[in-house]
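Undergrad: If you follow the hints, you should be able to join the two separate chains into one complex; please do so.
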Amino acid sequence: MNLIKLFISFLKIGAFSFGGGYAMLPLIKKEIIEVHGWLTVTEFIDILAVVEMTPGPIAINSATFLGYKVAGVLGSIAATTAVVLPSFVIILIIAHFLSKFRDSPYVDWAFMGIRPVILGLVASAAITVAIDALTSIKSIIIGIIIFYLITFKKLHPIWGIIIAGTAGALLF
Amino acid sequence: MELMFKLFMTFFKIGAFTIGGGYAMLPLIQREVVEIHEWITEDEFMDILAIAEATPGPVAINTSTYVGYKMAGVKGSLICTLGTILPSFTIILLIVKFFWQYRQNPLIEKVFLGIRPAVAALIFSAVYKMAKHMEIKSIHMVISGLTILAILLLDISPIYIILTAALGSIGYFKSKENRL
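Residue numbers (the working numbering), protein chains in the order written: chain A, 1 to 172; chain B, 1 to 180.
Note that these hints are calculated values from the structure, not bench results. A couple of the hints might just be wrong.
To be verified - Here are the computed lysine-lysine pairs in the DSS-like style, where the Cα-Cα straight-line distance is at most 27 Å:
1) B:K129 with A:K29
2) A:K154 with B:K176
3) A:K100 with B:K176
4) A:K138 with A:K153
5) B:K13 with B:K97
6) A:K69 with A:K5
7) A:K154 with A:K100
8) A:K29 with B:K110
9) B:K129 with A:K69
What the hints assert, rightly or not - Partial selection, computed: residues in chain A whose CB lies under 7 Å from chain B:
10) S17
11) Y22
12) P55
13) A71
14) A125
15) F147
16) I150
17) F152
18) L155
19) F172
No residue lacks a Cβ here, since even glycine has one placed at the ideal position from N, Cα and C.
Pulled out of the complex, with its shape left as it was, chain B reads as follows (with noise of 0.2 Å):
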């Protein structure tokens, strides 16, 4: 029992004190999984990250959900979710259900004309960090102008751009490989 306590409070807290979401979660959450309680190795946080970016769904999340599951079965990996979601829940709707009725507001909607802009930088500061990090390459830029042009002109859904891009991927690294 003691044990569910601190899982669910550990998750609370990384929930409450991570803003931006993501990446920006990674050493809190480092800090309490691995150092504090060592509830998991450094070589498993690796691993899990691993396996967060090549699985569906937030960073945070997959950690809750993995360390839950090892420190206390399945009971424990749902008190570990529950604990990362429940602070920015509350918050959101509190936000939702009080302030955004203010949104009409003059002073507000002005704020907003200058907000949208930045959360459009935002967005291109993402951008430019992936393509920074990814070490671009010619086919990887013909893929990506790919997904723009299948997304924003033939209104294509993302699932089936996701699904034809790992099956394509995998048929030719497969056959690649079959040929050596």
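Bound-form chain A, shown alone (with noise of 0.2 Å):
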């Protein structure tokens, strides 16, 4: 039975994942979180830091691993083929008429309502996050020091969650 659930709120987080990964954390939070509780705020963000250091879409990587917490291998599985399915599917059907595609004046307009929506999502996904990890004096003097090395510096996120990762182990 969860593997029904699973499989169609997966399959949804493909279906409405515009713009990269980070816009799909408010309805991956809503689907996992809110609806079904498999996991809490603090879980999954200790699972998008190990997934932002292993190689693959963030959107795979996140299915994979919530999927597997919540049903085991299997859940992985119908995590990761649900996410991917939406997308598959519609190349396949528009990679015959590709051109025709991206002339529409429709796609255009929709995406031009739909972009910025995108950078409300990923605003959304950072306050949330922010609210859970930023929990002490410290903790806001790291992320404040990440922010500028990865924004103006073009520090490497990975590196970014190694010295983060470091900091922590001296600090508390």
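TA: Structure, rendered in structure tokens:
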């Protein structure tokens, strides 16, 4: 039963994950944490950190990871298949008339509206994670320094996580 | 058969060596698919990127599905997409099966206390870069702001917000076009 619920949840997540990995975080949170209660926010952030440091798209990695937490290896397979399925089918359908799809004004118009929503979705994810993660002065300082290094000093995200983890081990 | 194997290995490599996902994968995908194997042209690659932006799902998956289909039909799509997914799928399974249990260890717990703010920083950094890239206008700010409110305070599902924005935007531009 959990497997079917898991499959449907990730089908939804796959079908509405525009704009790369982070934009789907609010939907994952809604489906996995709020509706089904399969994880806590903190666990979810820890998984995100691991997913960020392993190869492959964030969407796929999160599906594999969360699927396993909910229903073992079968859960991984179900969630990963489900998250890929919508884009797989859509691309197969439009592979035939690729340029026609690209030049359609409707696609353009829809995306004029969706783009700022994606920004809002990613910002919501950032706020949710910040509320859970920034629990002390030390954690706020770590967050600000890593933000600065990644945004303005072009530090690779993996190094950001490694530095923050080391700081955590030393400071807490 | 040889082609199938080559397709699989190429996308396996792409899946295995692109940490960070999404746009970090593009240079490698481009080199393998356009420059080395010449399976698609540079123009086609650009088209796929535009499509990837306009369709749900990771860019890597969209590209593998398209290239696979072009080279060897539906079977090719399956082979390529499987190749892209398999490395991270395996690595994640190993991590979650063998290492996740040590998360309760006091030292690891401290490490994660440091890492969690960094995850927040990563996502805020993405917000900053997206906002800069979008050359944001005030109407965009309003839509982004309303999205944040709808998600965090009203607890509305992102699915409804995306659909509303897409349909609303189509309606707006269509009526504008009709008036001209």
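Undergrad: Compare the structure with each hint and give your call.
TA: Consistency of the hints with the structure:
With a C-alpha separation of about 23 Å, the suggested pair K129 of chain B and K29 of chain A falls inside the 27 Å cut-off, and the hint holds. A hinted pair counts as satisfied when its Cα atoms are at most 27 Å apart, and K154 of chain A with K176 of chain B does not qualify at roughly 41 Å. Between K100 of chain A and K176 of chain B the alpha-carbon distance is near 22 Å, which keeps this suggested pair within the 27 Å criterion. For a cut-off of 27 Å, the pair hint linking K138 of chain A to K153 of chain A stands: about 21 Å separates their Cα positions.
Pair hint K13 of chain B plus K97 of chain B holds up; C-alpha atoms about 23 Å apart against a cutoff of 27 Å. The hinted pair formed by K69 of chain A and K5 of chain A meets the criterion: a straight-line CA distance of about 14 Å does not exceed 27 Å. Straight-line distance between C-alpha atoms of K154 of chain A and K100 of chain A comes to about 37 Å, which puts the hinted pair past the 27 Å bound. Among the hinted pairs, K29 of chain A with K110 of chain B is consistent with the structure: their alpha-carbon atoms are about 24 Å apart, no more than 27 Å.
Proposed proximity of K129 of chain B and K69 of chain A is contradicted: the alpha carbons are some 32 Å apart, above 27 Å. A distance limit of 7 Å between C-beta atoms decides the matter here; for S17 of chain A the minimum to chain B is near 5 Å, and the interface restraint holds. Nearest Cβ of chain B to the Cβ of Y22 of chain A: about 5 Å, under the 7 Å cut. The hint holds. Interface hint status for P55 of chain A: upheld, as the beta-carbon distance to the closest one in chain B is roughly 5 Å, under 7 Å.
With a least beta-carbon distance of about 12 Å to chain B, the hint placing A71 of chain A at the interface is violated under the 7 Å criterion. Of the supplied interface hints, the one on A125 of chain A holds, with its beta-carbon coming within about 5 Å of a beta-carbon of chain B, less than 7 Å. Look at F147 of chain A: its Cβ gets to within about 4 Å of chain B, closer than 7 Å, so that hint holds up. Hint status for I150 of chain A: holds, given a least beta-carbon distance of 5 Å to chain B, under 7 Å.
Interface restraint check for F152 of chain A: the shortest CB-CB distance to chain B comes to about 9 Å, outside 7 Å, so the restraint is violated. Among the interface hints, the one on L155 of chain A is violated; its C-beta lies about 10 Å from the nearest C-beta in chain B, farther than the 7 Å criterion. Against a cut-off of 7 Å between C-beta atoms, the interface hint on F172 of chain A holds, since the closest Cβ of chain B lies about 4 Å away.
Checked against the numbered hints above, the structure violates hints 2, 7, 9, 13, 17, 18; every other hint is satisfied.
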